[in-house]
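Here is what each chain is made of, one letter per residue.
Protein chains: 2
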Amino acid sequence: MKSLVQDYIDGVYRDLTGERSGSVADYIPELAVVDPDSFAICLATSDGYVYEAGDSRKKFAIQSISKPFTYALALADRGLAAVATKVDVEPSGEPFNEISLDPVTERPRNPMINAGAITSASLVAGATVAERFERIRRFYSRFAGRELTLNESMFESEDRTGNRNRAIGYLLREYGILEEDPQTTLGVYFRQCSIEVDCRDLSLMAATLADSGVHPVSGDRVLDAGLNERVLSVMTTCGMYNAAGDWVTEVGLPAKSGVGGGILAVLPGQLGLAVFSPRLDEHGNSVRGVRSCRRISKDLELHFMHVSRAARSAVRASYDVIDRPSRRRRSPAEHDLLLRVGQRARIYELHGDLLFAGAESVVRKLTLDADELDVIVLDIRGVDETAAVTRTMMRTVRDWLRADGVEAVIVDPQSTVLELDPDPAKRLRHFGDLNEAVGYAEDVLLARHAGADAQARAIPIRDHPLLSGLPPEQLEAIVTRLVPHTYDAGDSVVRSGDPTQGLFLITAGPVEVSVELAGTRHHLSMFTAGTTFGVAYAVAGREYDVDATAQGEVAAMVLPAPAIAELTATAPDLMLTLMSRLVTGAFDHLDWVTRALVSPS
Amino acid sequence: MKSLVQDYIDGVYRDLTGERSGSVADYIPELAVVDPDSFAICLATSDGYVYEAGDSRKKFAIQSISKPFTYALALADRGLAAVATKVDVEPSGEPFNEISLDPVTERPRNPMINAGAITSASLVAGATVAERFERIRRFYSRFAGRELTLNESMFESEDRTGNRNRAIGYLLREYGILEEDPQTTLGVYFRQCSIEVDCRDLSLMAATLADSGVHPVSGDRVLDAGLNERVLSVMTTCGMYNAAGDWVTEVGLPAKSGVGGGILAVLPGQLGLAVFSPRLDEHGNSVRGVRSCRRISKDLELHFMHVSRAARSAVRASYDVIDRPSRRRRSPAEHDLLLRVGQRARIYELHGDLLFAGAESVVRKLTLDADELDVIVLDIRGVDETAAVTRTMMRTVRDWLRADGVEAVIVDPQSTVLELDPDPAKRLRHFGDLNEAVGYAEDVLLARHAGADAQARAIPIRDHPLLSGLPPEQLEAIVTRLVPHTYDAGDSVVRSGDPTQGLFLITAGPVEVSVELAGTRHHLSMFTAGTTFGVAYAVAGREYDVDATAQGEVAAMVLPAPAIAELTATAPDLMLTLMSRLVTGAFDHLDWVTRALVSPS
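Protein chains in written order, with the UniProt record's numbering: chain C, 1 to 601; chain S, 1 to 601.
Calculated directly from the structure, the hints in this document are not laboratory data. Bear in mind that the values here come from a model prediction, so they are computed numbers and not experimental data. Any given hint might turn out to be false.
Note that identical chains are pooled: a pair holds if it fits in a single copy or bridges any two copies.
[Claimed, not checked] Quick list of in silico lysine to aspartate or glutamate cross-link-like pairs, DMTMM-like style, CA-CA up to 25 Å:
1) 298 x 77
2) 58 x 15
3) 365 x 385
4) 58 x 181
5) 365 x 94
6) 58 x 30
7) 426 x 436
8) 298 x 246
9) 298 x 250
10) 59 x 159
11) 426 x 19
12) 2 x 372
13) 2 x 421
14) 365 x 299
15) 365 x 47
16) 298 x 421
Using the sequences and the accompanying hints, generate a full structural model.
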């Protein structure tokens, strides 16, 4: 099938090939030799896929697009504070090659004009020009994801004609901004400008900036996330020379252009865009580059101030365990108790980004509700993003809740979205499945509220729903054939692969039934006092294909398979009554489970 | 319980009250009369909740914070293009009250310096000063969500001392930027600067800008979303006078300050922040205001370039209907067929923001997979945001898929997240529930692949699993008592509230069973040829509490309730066999449904 985005990029490319205005930079002889009508557009996604149109593998000099990267390396080598004493971050409103410093601060206005960029080059670590340039070349290469190389003749051309930059260098030395011979710094700077890239490289360099400094293909952490943020901020206000304001309003992507004809633009968290076309406008930006970016940003709604609607509350839904009970089997007494106190266990379904604003809405709701609650179930399966501030906030609220006797648990199959504490002892209980978490919440309510009537959890065999109300002689016929079994917590009741033992009438529970699928154990259901377990296996004489385990002190009366056969032959009326009760119960339970599926989960 | 965010804001307030540097603006006498140590911080959320600390209800003059709002009104009144001919959007790098225009464009550099703001005031519609000012006052009031008023003595003070602004006005008139008597424009401008607000108002005005121009409490659409985006862009580069670059790198929120001591800052899509404290720094920004914003942005990670990790693929998971079958009852033949062709129906679980980058990842995956598919189920319940470009992209892919014979359906209970077409005839089929969509996808596969063996959907009564293999005399005893029923598509089979009709042995299906809960109809299950329906009702003699409807040409053989009673009395062995088969089938089905719950849904 065709590719939608490729078609789109091809369309933009086709529409703009006719654009021939502007002219190629010629203040460096080597720049003037390029084909003025070269044109390429590349869009790199956050998983490293690159859409390419035109001359996307044609090499050209990176020129000023090097500036944010060398600034980044200077920040990494020297730290934010040290770099800030040498170069400001204010938009200049002046041409990029102005031979002047800010009259008040006596520093270059920002690292995107030549004075600031030369200063950045002087701050990169390395004892010699060669060593420093090699660190720069390697650093750029990691952004691109391949080894970039120097164009020697471009460098020679730069070096031969770079008098304006030398003037800037000596001015910087005069004011003590450069702390070395300007010829040394310019040796590095001219080389960095002469590194060759293609449009595809630029799009991946942009995607790395978009990915908080991690290369989308290699996964290489090229730049610290905080420094990456700083570089993007400076590109936002100063990246497009003195057309920055217009660029921000019309395109709205942090960007950098170079006189080689390249433009690199970043949609943070999302994608990298690059265009190469050597004809420049009066600001020194590629004409087709600016037009392509403007068109693509508008069509694809990439403007960084574009918010299609306000963030919704991070709490998508909230309900209690009466609205949404677990699928555990409960005795009638437990069921009644849960109906009375079930509003004290609430499930909060969270979704979207849990950055500050989302976390604030969750925390506000939880602290409002907490006084009325024993248990909080946070279902965070729909959460996309969290931040450090989220974890700090949630940790504080967890401690408040604990102090108030409210237990919070988390539903999160990956157990990674919202790890609240490095200390395992302090962590919230995690569940892989909402039903298990709700069952646990119900158990907490039952434990807290059942109080003295805990004996409600055990029943005499004659009150078991399968037998209650039978005529005395039928009841005796059954009861005399029942074999008592007891189990301690953790004991196996039945094992997958074993033959059927008979019909289990549970008189004290609970028994958990689970199954192992593809190496993972899944909870299926919980059998408590008053339920009957193993019916289908006993009636059909089948091997178990599930495991049942006692979850506490369990008592069961078992009608063994031979007794079933005997009663079927000698007392078919009795067996028919039992089967009718079982079939009604099974279909009722089936109906109940099926209805549970249409309630929120 | 305490409030976490309130505690935090109170803490910032407390920490910064000791800060006494800077001095109150005194170039307008009325400004100098405020208490220099007033201090308030307010944070407004996107649902309109406001956290307030300090003198949050103390009134002060809005001053320059009026500039983005009047600029917004001028844009709304005249349109982007007309306003662009009068005022640029470039950062100026000069003091806000500079009496100069851009030497090249001969226009004010941007609407946040006085020259640009006075120009904006001249562009607001209205025949007289009073009428124009009243429109401005009402416009600001809608942003604040309450009626704002003019401080008359502030206005008189402005008017008396505003010679510098008059100089700017006459300069603008000289260059033809103002098209009216500058005294008229300044009559409006001085009044707009003298509107009184408090810190809480500013935070809600900021929250309205954050909410794409919709007031978070009233829901009033105050400003078009596109113009709102433009205003935020200009605030980003020009809002904080000539400290804009430093503000963008350190705080990273579009903002505007005023000499009255206010600062308003916006986190798009998330929240509005406001600080009031009259002592100003050398740029004219509130000292405590800048320090508060810097601290809050850092602590709460609000910087607009802050991305905690790269956008993940919008496709969270993808599986076929073999991995995740529907809970519809299928005949063995149907089941076998689905095992053979089930990989031709895939479910794609989407999540997060489906803006361009997310939509691109979905479209790339769908077009890659489509050749191997008959049906695509898009489960978009986890999608938070979509954009116009998303809908365009998805519409195109839908048309491509249709042309290739692939049917796409959508799971979206709200039916609003991704409405692809204004034309209902072209819309994709929507389902409120994943199980229903998967069942439909299976039906499409069965219809396409069952081919000539469509008769697999109907069975002779003697092959019905409940009866097959019975001894001839038992089989006859049943079959002679069965009553044939047939239904056309849409016919009611049983109705909630009706008495039981007996046991339905379905020989041609399907019959859909559903239930109405709280006004909404929910699908429970589907009965096809070979299944038995109505067991629990027939055995227990209960009224129906569900509805069953024929979904095609349905044939059933019904064992009426009196015949059940008769056979129970005369042939208990036979009934016991039937009940054993039913109970085994019910528990098998219960087991199957329960297991379905542990598979992805």
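task = Evaluate residue 365 and residue 385 at a C-alpha cut-off of 25 Å and name the case that applies: within, between, both or neither.
result = Intra 19 Å, inter 22 Å, cutoff 25 Å: intra and inter.
task = Evaluate residue 58 and residue 181 at a C-alpha cut-off of 25 Å and name the case that applies: within, between, both or neither.
result = Neither: 35 Å inside a copy, 57 Å across copies.
ask   = For the identical chains here, do residue 298 and residue 77 meet the 25 Å Cα criterion within one copy, between copies, both, or neither?
value = Answer is between: at 22 Å across copies they meet the 25 Å cutoff, but 37 Å inside does not.
request  = Give the relationship of residue 59 and residue 159 under a CA distance limit of 25 Å: within one copy only, between copies only, both, or neither.
outcome  = within (20 Å within a copy, 61 Å between copies)
task = If the cutoff is 25 Å on CA atoms, where do residue 2 and residue 372 land: within, between, both or neither? Let me know, please.
result = between (56 Å within a copy, 15 Å between copies)
Alpha-carbon proximity between residue 365 and residue 94, which holds within one copy, between copies, both or neither at 25 Å = neither (51 Å within a copy, 46 Å between copies)
ask   = Under a CA distance limit of 25 Å, which applies to residue 426 and residue 19: within one copy, between copies, both, or neither?
value = neither (63 Å within a copy, 38 Å between copies)
task = At 25 Å max between alpha carbons, let me know whether residue 58 reaches residue 15 within a copy, between copies, both or neither.
result = For residue 58 and residue 15, the Cα distance is within 25 Å only inside one copy (20 Å; across copies 56 Å).
inquiry  = Cα distance capped at 25 Å. Does residue 365 pair with residue 47 within a copy, between copies, both, or neither?
reply    = between (36 Å within a copy, 12 Å between copies)
message = At most 25 Å between CA atoms: does that hold for residue 298 and residue 246 within a copy, between copies, both, or neither?
response = Within one copy only: 14 Å inside a chain, 28 Å across chains, cut-off 25 Å.
inquiry  = Within a copy, between copies, both or neither: which one fits residue 426 and residue 436 at a CA-CA cutoff of 25 Å?
reply    = within (21 Å within a copy, 42 Å between copies)
query = Between residue 2 and residue 421, at a C-alpha cutoff of 25 Å, which is it: within one copy, between copies, both, or neither?
reply = For residue 2 and residue 421, the Cα distance is within 25 Å only across copies (22 Å; inside one copy 47 Å).
The structure is inconsistent with the numbered hints 4, 5 and 11, although it conforms to all the rest.
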